[in-house]
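Sequences and hints are given; from them, build the entire structure.
Chains as they are written, first to last, in the working numbering: chain L, 1 to 429; chain B, 430 to 667.
Keep in mind the hints are simulated off the structure, nothing from the lab.
Here are the simulated lysine-lysine pairs, DSS-like style, with alpha carbons at most 27 Å apart: (1) B/K592 x L/K47; (2) B/K592 x L/K362; (3) B/K592 x L/K346; (4) B/K630 x L/K25; (5) B/K592 x L/K155.
Computed from a predicted model, the values in this text were never measured in an experiment.
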Amino acid sequence: MNNQLEPKKEDKGKKNDKKKKKGQKRTFGDNMRQLKFNLTTIRANSKVVFRLVLREIKYFVPLQDLFLLFFWIFLFIVFGLVIVIWGIPLALSIIPNDPFKAYDLHINLIKWDGIIFNDTTLRYGAGIIGTVTIIVRLMIKSPISKYRDKVNTRKDVTYVFGTSRPAEQFLFEMIFQFGYEERVSLIADNDLLWIRKLRAFIDIYVVENQLEFEKENLYDIIGFENASRIMILTESIELNQNILTNIRRIRPDVDIILLSQYAPAFVFSELVQDQHLMIIEDLDATVQGLVLSLSMDFNFPPTVEIDVPRTYIGSTGVAMTSDLVRQKVLLVRRGDELLSPEEKLKLGDRVIIYFFSDYFMKMTNRVVTELPLLPKKSKTKKEKKKDKKKGKEEIEINALDEELVIPTIEEPVVKDTQLYDSTTHDEVD
Amino acid sequence: MGFFKRRRVRKFAEKAVEQQNTMFVFGSNIFTEAFIDQLIQIGAQTRVALISDKKLNWIEEVKDEVNVLYEEQNEEYAKRHLYETIGFHNAEKVIILHEDPLIIQNIMSFISNEELKVILLAQFAPPFVQYLAGQKQGQIIIVDNLNQIVNELYQQMSLPLVKPPVISIPVPESRISKPIDDLQIPKVRVLNILREDSKDKIIPLDQPTQENDRILLYLEDPEESLKHLVDFLSQYQS
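Encoded structure:
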């Protein structure tokens with residue numbers, strides 16, 4: 001009997017395997033969900049691009065004025081040349097007695113050509129071009145003014161000072177992994193090659209001489225009016241001190257962040273009571289890491305915790321993994337609870353993702369950042385109409401109450417019990 | 430190396446053998462100071478030998494508790510004699526906390542013992558050493574303090590994004606070529622196996638592990654989880 005049953009078991013096993021294989025295959029619904037997510041990504045990206053283009057236009061408006069000026073100068077020169085070369089000879093040829101003498105006209109033209117294109121006029125021409133060039137050069141802005149104008153077209157900027165390793169890693173992650181390039185700006189103390197890589201993404205100002213950090217002018221010119229916080233991450237304690245004191249002078253309310261290993265000694269003094277000064281205890285974290293490394297070899301894999309993208313609410317983390325390129329959902333966090341990726345995702349859940357590619361992580365994060373889902377659903381048109389009606393009725397009632405202010409005799413308060421009794425009594429009747 | 434200097438280095442080496450120093454720390458910066466302080470607090474000062482490039486007051490203060498050698502000439506770090514004289518007899522770990530990449534590379538090139546573990550900070554690790562660390566996993570450990578610093582910076586940014594407390598550790602030797610789905614560590618969630626071969630792969634826990642695989646872990650309570658994790662690993666090592 002057992003022998004007869006065994007093949008059946010095997011068949012069942014095979015069927016299960018087939019089912020599993022079928023389960024691995026993507027259904028039409030899966031593909032549609034992926035398509036929807038891709039469309040959402042495009043929407044989020046286009047939103048960012050549109051914002052960037054608008055910002056660039058905003059910045060280039062003064063340059064447009066300059067272009068218009070040059071255009072008018074050019075038109076004026078062309079107009080002048082046309083008059084001098086053709087207009088005047090033509091007029092001269094017309095004024096004499098015999099206006100039909102084409103020969104005279106020809107002679108006049110040759111004469112005027114000689115007058116205009118001789119050595120003296122060419123010298124004058126060169127002189128004029130030189131003067132115009134000097135004026136143009138004077139009109140072109142200095143790098144710091146350019147930087148100020150460009151950075152001021154943004155809101156809530158985090159200014160990063162310095163070119164240290166923490167600054168480098170922080171900026172690269174912000175830009176290439178998570179797509180927050182609009183929120184940061186760099187004021188560098190050295191012109192390094194890695195900074196040039198970031199030029200296309202963020203506003204950067206490289207100080208030509210580090211002594212500039214000591215002077216007030218740098219801070220007065222930039223202004224830092226749109227600064228939400230300032231991170232001072234240079235490797236020199238002296239520079240940090242100069243930057244800190246100067247920033248505090250012009251923006252006493254802005255949050256300043258310093259690393260404890262490069263923090264000037266005076267910030268630890270009890271006399272300094274600055275609520276907006278935050279010192280990151282990187283020294284403690286490093287020592288903890290060192291002590292831990294004595295007993296184990298550990299590192300931090302590239303993971304991130306973000307809100308669930310809108311497309312995947314009601315779906316699972318496993319489905320998300322199969323749709324996303326080079327990313328894997330490791331865990332789902334619902335409040336303090338940790339759930340497996342097989343759990344159905346809800347609004348407000350957070351997913352912990354391992355990413356193999358910075359680019360795709362940036363795309364996913366952009367969807368979450370640019371198109372966040374609000375916790376409350378927006379009301380339907382019918383509900384809105386109902387609300388409006390209710391509102392109108394309430395207003396009318398209130399208006400009536402206000403109009404009917406008639407002095408009345410106070411009625412006895414009808415208690416709930418009495419009401420109950422009366423109804424029961426009615427029912428009995 | 431002059432006679433007196435050689436005598437000084439020999440004295441240091443003899444003391445290291447006497448005290449059975451197992452950790453040799455190179456450096457004198459703020460990280461070195463904080464690390465030595467931490468080791469003294471733990472009570473591990475007898476296991477440490479410090480080779481400093483500067484004479485500083487804090488080193489003079491700990492000199493009674495910790496075996497110290499001053500080597501202020503940077504050229505000496507580029508010569509074999511220094512390392513040969515020190516000997517590193519009982520050494521298990523060499524911790525390099527220098528900021529100068531040249532000194533770091535010099536020290537690394539003369540410490541060729543395969544049984545020694547070399548520990549560095551990511552902030553100061555030169556690219557060549559980072560490459561070596563990738564090649565010799567387990568022997569060269571780079572403590573990723575940059576990641577911790579950047580995490581702290583992220584927390585200040587109030588972004589809708591968090592770097593979760595996920596770490597990876599190597600698979601214990603006794604569990605290689607076996608599945609690890611039965612691993613249970615208090616306050617730690619074992620997530621997946623990470624196989625960093627030609628293509629990065631994340632493998633479920635029920636699959637057999639391979640050499641150089643790492644385990645992805647989520648630390649539910651960063652401080653307590655780490656304690657439990659250290660206990661767990663020490664059990665496996667013993």
